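*Asks:* Note that the protein sequences, when read in sequence, are chains B and V. Take 0 as the starting number for the first sequence in numbering that gives the first Met the number 0 and just add one per residue. Take 0 as the starting number for the second sequence in numbering that gives the first Met the number 0 and just add one per residue.
Simulated from the structure, these hints should not be mistaken for lab results. These figures come from a predicted structure and were not determined experimentally. Be a bit skeptical, because a hint or two may be false.
What the hints assert, rightly or not - Capping the alpha-carbon separation at 30 Å, the derived lysine-lysine pairs in DSSO-like fashion look like this: (1) B:Lys78 x V:Lys15; (2) B:Lys75 x B:Lys39; (3) B:Lys100 x V:Lys11; (4) B:Lys151 x V:Lys15; (5) B:Lys151 x B:Lys105; (6) B:Lys39 x B:Lys100; (7) B:Lys32 x V:Lys15; (8) V:Lys15 x B:Lys75; (9) B:Lys103 x B:Lys32; (10) B:Lys143 x V:Lys15; (11) B:Lys39 x V:Lys15; (12) B:Lys78 x B:Lys100; (13) B:Lys105 x V:Lys11; (14) V:Lys11 x B:Lys75; (15) B:Lys78 x V:Lys11; (16) B:Lys105 x B:Lys32; (17) B:Lys39 x B:Lys69; (18) B:Lys69 x B:Lys32.
For reference, the chains in residue letters:
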Amino acid sequence: MLMSEPATIPDANAPASQLEGDLVRRARHGDLKAYDELVKRYQERIYATIYHMTSNHEDANDLAQDSFIKAFSALKSFKGGSSFYTWLYRIAVNKTINFLKQRKNKHHLSLNDIDFNAEHDPDLVALISDKTPQRDAGLSELQKKLNEALLKLSEPHRMVVVLHDVQGVSHEEIAEIVGCNIGTVRSRLFYARQQLQGFLAEYIKS
Amino acid sequence: MNESNQNFDELKRLLKLKRHEIPPPGYFNQFSGEVMSRIRAGEEGGASTIADQFSSQAPWLMSLLRIFETRPGVIGGLATSLCLVLLIGVVMADRPDTEPTGTVAAAEPAPAPAPEVAAVVPSVAQAPDNSGIAVSTNPVISLQPVATLFSQQQNPLFQAASFAPAGR
Numbered sequence: 000m001l002m003s004e005p006a007t008i009p010d011a012n013a014p015a016s017q018l019e020g021d022l023v024r025r026a027r028h029g030d031l032k033a034y035d036e037l038v039k040r041y042q043e044r045i046y047a048t049i050y051h052m053t054s055n056h057e058d059a060n061d062l063a064q065d066s067f068i069k070a071f072s073a074l075k076s077f078k079g080g081s082s083f084y085t086w087l088y089r090i091a092v093n094k095t096i097n098f099l100k101q102r103k104n105k106h107h108l109s110l111n112d113i114d115f116n117a118e119h120d121p122d123l124v125a126l127i128s129d130k131t132p133q134r135d136a137g138l139s140e141l142q143k144k145l146n147e148a149l150l151k152l153s154e155p156h157r158m159v160v161v162l163h164d165v166q167g168v169s170h171e172e173i174a175e176i177v178g179c180n181i182g183t184v185r186s187r188l189f190y191a192r193q194q195l196q197g198f199l200a201e202y203i204k205s
Numbered sequence: 000m001n002e003s004n005q006n007f008d009e010l011k012r013l014l015k016l017k018r019h020e021i022p023p024p025g026y027f028n029q030f031s032g033e034v035m036s037r038i039r040a041g042e043e044g045g046a047s048t049i050a051d052q053f054s055s056q057a058p059w060l061m062s063l064l065r066i067f068e069t070r071p072g073v074i075g076g077l078a079t080s081l082c083l084v085l086l087i088g089v090v091m092a093d094r095p096d097t098e099p100t101g102t103v104a105a106a107e108p109a110p111a112p113a114p115e116v117a118a119v120v121p122s123v124a125q126a127p128d129n130s131g132i133a134v135s136t137n138p139v140i141s142l143q144p145v146a147t148l149f150s151q152q153q154n155p156l157f158q159a160a161s162f163a164p165a166g167r
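Isolated chain V (complex conformation) (with noise of 0.2 Å):
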């Protein structure tokens, strides 16, 4: 143990050389001034500090950042999905959309429709006032009442087919 302090003695006798270094002559004249006017310029809410910030408050997020610098693979996939995400979603956004009607009568109950309409198309809701506007999430379907195929009452867009053959 002795003969190990006195080594200590020569390595500690060594490790003094290092209080000899010195930076450049006139450094500490000027170093305050630069750390004064950094503050001054307001650094303290620059881009290290917000680093810094980051890095306390959300750690993984750094370590994401770190592991997308070393595995450029791994950014180049995650780039790939979200791309195919995005695709995917512009192409069910373009697609007819059937779904969302059901759902909307189904979620929102509308008030009773005229017998002989909801009859033909039950999705359909008809306005209150019965004032002939009807309010439905299908485009195609048409807004009038409509009377069924074989009901007695004048249709004046209806005209009755005749099959009588030619001639006769």
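Just chain B, with the same shape it has in the complex (with noise of 0.2 Å):
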């Protein structure tokens, strides 16, 4: 299983979105169940948002845990004018932003295990088989080196890196979440790929 699936927001006509309404609506009158539906909806596409963006297991359990107790804590302020998945989105964003801002650059690497399915992706097998001009590296040393880079950027170039070529937000999701216009959002996704082209060079055939 992938940790981070592409993400879309869930079409409003669809059953699930206004299965999800209801959760939400129950929730919002303190029905745990309902909140706990939620929380197991959204899990693991917020936890590896937080993830990518710290490079450590540990601070995205708790920094994941926090953003479904504060969403839930605010979610009478919940207006509905954007999803819930985005909304919520945006608290682990934020948490997550204000958290590596008070850390500032004391990166402490904490990272997950590869599953096994990574071995058989075929462009993961060629990039370090054919194309790599350092053949021997393994993907555990592309991983940490492919960490090290991301947390070379800044918050806010990381942040759109992380959901747009992890996660597969779309532009406009990432715009709703992030508050900022699209334009900004590819620029700062432009920018950011050019900066981790040049600290992954040598992993990268040019």
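Please assemble the complex out of the two chains, which come individually in their own frames, going by the hints.
*Replies:* Put into structure tokens, the structure is as follows:
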């Protein structure tokens, strides 16, 4: 199972969305079972976003839990102007960015294991066997270098890369989550990719 | 531009590795349970939320605290000056209270005192019923109506002194 499937906001007319609206209403009235359902629905994506931003499992765990708790306590202020998913994402993103700003540049890697499927992913196999100048680089080393390179980006640039290139969130959704316009999202993404490319030049065939 | 996009494709391929990073097995089975137990324990009103409220409602206070954290000399100086202010306050409080009498007299005009009393001690305000009890903020002054030194009235406490030299 991939940790972060490409995320899309559910169709407003879909039954799942109606169910979500019902869950949100019930949770707002203090129904913990309904909120438990919402947590289960989004826990993987929220955790993944925070984990990819921090490169630290323990921090991601704490921040993800805090985000869900904060969202529950703030549910009464949720007006429904955006989807619950976007609203929840915004809380998680703000919490993570505040955390990273407080921590400044003191990064401590605590990386999760790579799942078995990675070794059979044709893109990754090709990357480490055929095209990478350092052909003996294993996936673990590549993982470490990749995370270190991501941590060199500023938080807003890292957030855009994580949301779009890792989690598959669209530009429009990122703009809504981060609170900027689509042009800013695109320019940040371009700049972040350029920087990453520089940091990872020895692993990318140019 | 095309070459740049091609390079980004390579980068995107590399970034796919991030999707294969997974937390320990069974992690998500426990996650929601932990969140719900923290919510039941009422953590939304806990310390972290108070900190959040402070940072949102009084950001100046948080930045002040951050300054204190980073510059211990600032908090030392502030503590010293606070101690000085406190010390000065204590010293001033122990001093004889002279100014407030005038202040009270000026602020609250007293009923007209007896003329002879007013002549000697203007700040003494006698009680309106003339019962001999005078209200004053100055405890040193006698409460009895005082006759002038050269008046003809006999004061039982007053004895005329004799200046006649001995032997005459």
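*Asks:* For every hint, state whether the structure bears it out.
*Replies:* Do the hints match the structure? See the list:
1. B:Lys78 x V:Lys15: 35 Å, violated
2. B:Lys75 x B:Lys39: 20 Å, holds
3. B:Lys100 x V:Lys11: 26 Å, holds
4. B:Lys151 x V:Lys15: 18 Å, holds
5. B:Lys151 x B:Lys105: Answer holds: lysine 151 of chain B to lysine 105 of chain B is near 11 Å, not above 30 Å.
6. B:Lys39 x B:Lys100: 28 Å, holds
7. B:Lys32 x V:Lys15: 35 Å, violated
8. V:Lys15 x B:Lys75: 37 Å, violated
9. B:Lys103 x B:Lys32: 37 Å, violated
10. B:Lys143 x V:Lys15: Measuring from Cα to Cα gives roughly 14 Å; hence the hint holds.
11. B:Lys39 x V:Lys15: Given pair lysine 39 of chain B, lysine 15 of chain V holds - Cα atoms ~24 Å apart, limit 30 Å.
12. B:Lys78 x B:Lys100: 29 Å, holds
13. B:Lys105 x V:Lys11: Distance ~27 Å between lysine 105 of chain B and lysine 11 of chain V Cα, so the pair holds.
14. V:Lys11 x B:Lys75: 39 Å, violated
15. B:Lys78 x V:Lys11: 36 Å, violated
16. B:Lys105 x B:Lys32: 38 Å, violated
17. B:Lys39 x B:Lys69: 16 Å, holds
18. B:Lys69 x B:Lys32: Given pair lysine 69 of chain B, lysine 32 of chain B holds - Cα atoms ~17 Å apart, limit 30 Å.
The structure shown violates the earlier hints numbered 1, 7, 8, 9, 14, 15 and 16.
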